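The opening residue of the sequence shown carries number 1 in the UniProt record's numbering; numbering runs sequentially from there.
The hints are simulated quantities; they were obtained by calculation from the structure and are not laboratory data.
Model, not experiment: these values are computed from the prediction.
Incorrect hints may have been included.
Label pairs and their calculated CB-CB ranges [said to hold, decoys possible]: (1) 219 x 161: 17 to 25 Å; (2) 179 x 152: 24 to 32 Å; (3) 163 x 260: 28 to 36 Å; (4) 219 x 269: 33 to 41 Å; (5) 9 x 116: 23 to 31 Å.
Cβ coordinates follow ideal geometry from the N, Cα and C atoms, glycine included.
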Amino acid sequence: MDKQLGPTSNRFVSQRLRLNYVDWGNPEAPPLILQHGGRDHCRSWDWVADELRGDWHVICPDLRGHGDSDWSPEGHYGMDAYLFDFAQLIHTLGYPKVSIIGHSLGGAIATRYAGLFPERVEKLVNIEGLGRSPADPHGREGQDLAQRMHGWITDKRKAAARTPRKYTTRRAAFERMKAANPFLSDEQARHLTTHGASRNEDGSWSWKFDTYLNVAPANDVTTPELIALWRAITCDVLMIWGEKSFASDPLTDGRLTHFAKAKLKLYENAGHWVHHDQLERFLADVKGFLA
1 MDKQLGPTSN
11 RFVSQRLRLN
21 YVDWGNPEAP
31 PLILQHGGRD
41 HCRSWDWVAD
51 ELRGDWHVIC
61 PDLRGHGDSD
71 WSPEGHYGMD
81 AYLFDFAQLI
91 HTLGYPKVSI
101 IGHSLGGAIA
111 TRYAGLFPER
121 VEKLVNIEGL
131 GRSPADPHGR
141 EGQDLAQRMH
151 GWITDKRKAA
161 ARTPRKYTTR
171 RAAFERMKAA
181 NPFLSDEQAR
191 HLTTHGASRN
201 EDGSWSWKFD
211 TYLNVAPAND
221 VTTPELIALW
231 RAITCDVLMI
241 WGEKSFASDP
251 LTDGRLTHFA
261 KAKLKLYENA
271 GHWVHHDQLE
281 RFLADVKGFL
291 A
């Protein structure tokens with residue numbers, strides 16, 4: 001395979017939205033989907049995809065409201081919408097079974113999919129993608145329906161008044177990227193900024209993601225229902241966590257016990273974006289797990 005060839009952009013339709021994904025070629029190889037997290041984009045996987053493309057047919061989708069995918073007209077970014085889009089991608093591609101690597105929100109989506117369709121998932125790598133910690137004080141477990149709905153309506157109205165942040169230069173956006181993740185090299189931050197920001201009519205730059213996606217949905221599955229999905233997963237699961245991340249360790253907080261065939265690897269000197277912060281070790285672990 002010619003390593004100089006980059007990914008090709010494609011579209012599929014889900015819920016009337018035209019959603020983007022990039023295809024790294026090698027279509028005769030087993031399929032591997034790499035799903036990015038919130039406020040990220042599919043080109044965030046480029047270093048990982050380039051290393052895995054020789055053995056896998058790598059597909060990297062942009063979530064709705066992210067990257068080069070359409071924004072939801074009504075600002076609908078609930079887990080039900082993301083999960084349908086993910087299922088629609090696999091249905092559109094026509095693969096009976098796939099392996100998946102998901103980061104953060106993407107990991108949460110992929111993990112729910114694996115619980116709903118266990119027969120469709122060969123192996124799953126989850127990078128800090130189990131959602132809020134059980135001990136998170138900002139969770140909604142103690143709120144009734146009226147409280148959740150009032151909060152959701154308030155947040156939606158705030159989102160309607162919010163405009164995307166503008167940076168006078170792409171260099172300024174690059175500096176913001178570096179500040180958000182100090183583990184990134186300049187080359188990584190430059191690449192992520194190049195593919196994650198677009199130019200406005202006035203010449204300024206803004207991130208591609210929709211500001212509405214920051215609004216948490218009013219309704220989602222309950223904790224017992226989510227645990228039931230986790231327990232329904234039949235494939236091998238590799239969980240990867242950064243020791244310097246804000247995300248709660250699933251071994252310590254007890255969530256790992258809900259998975260029948262899961263193992264956890266903790267990465268020192270890594271934050272939430274483990275696949276960026278410790279790329280070489282991550283690739284070695286993932287190659288061994290997927291082999």
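Looking at the structure, which of the earlier hints fail to hold? Violated hint (a single one): 3; every other hint is consistent with the structure.
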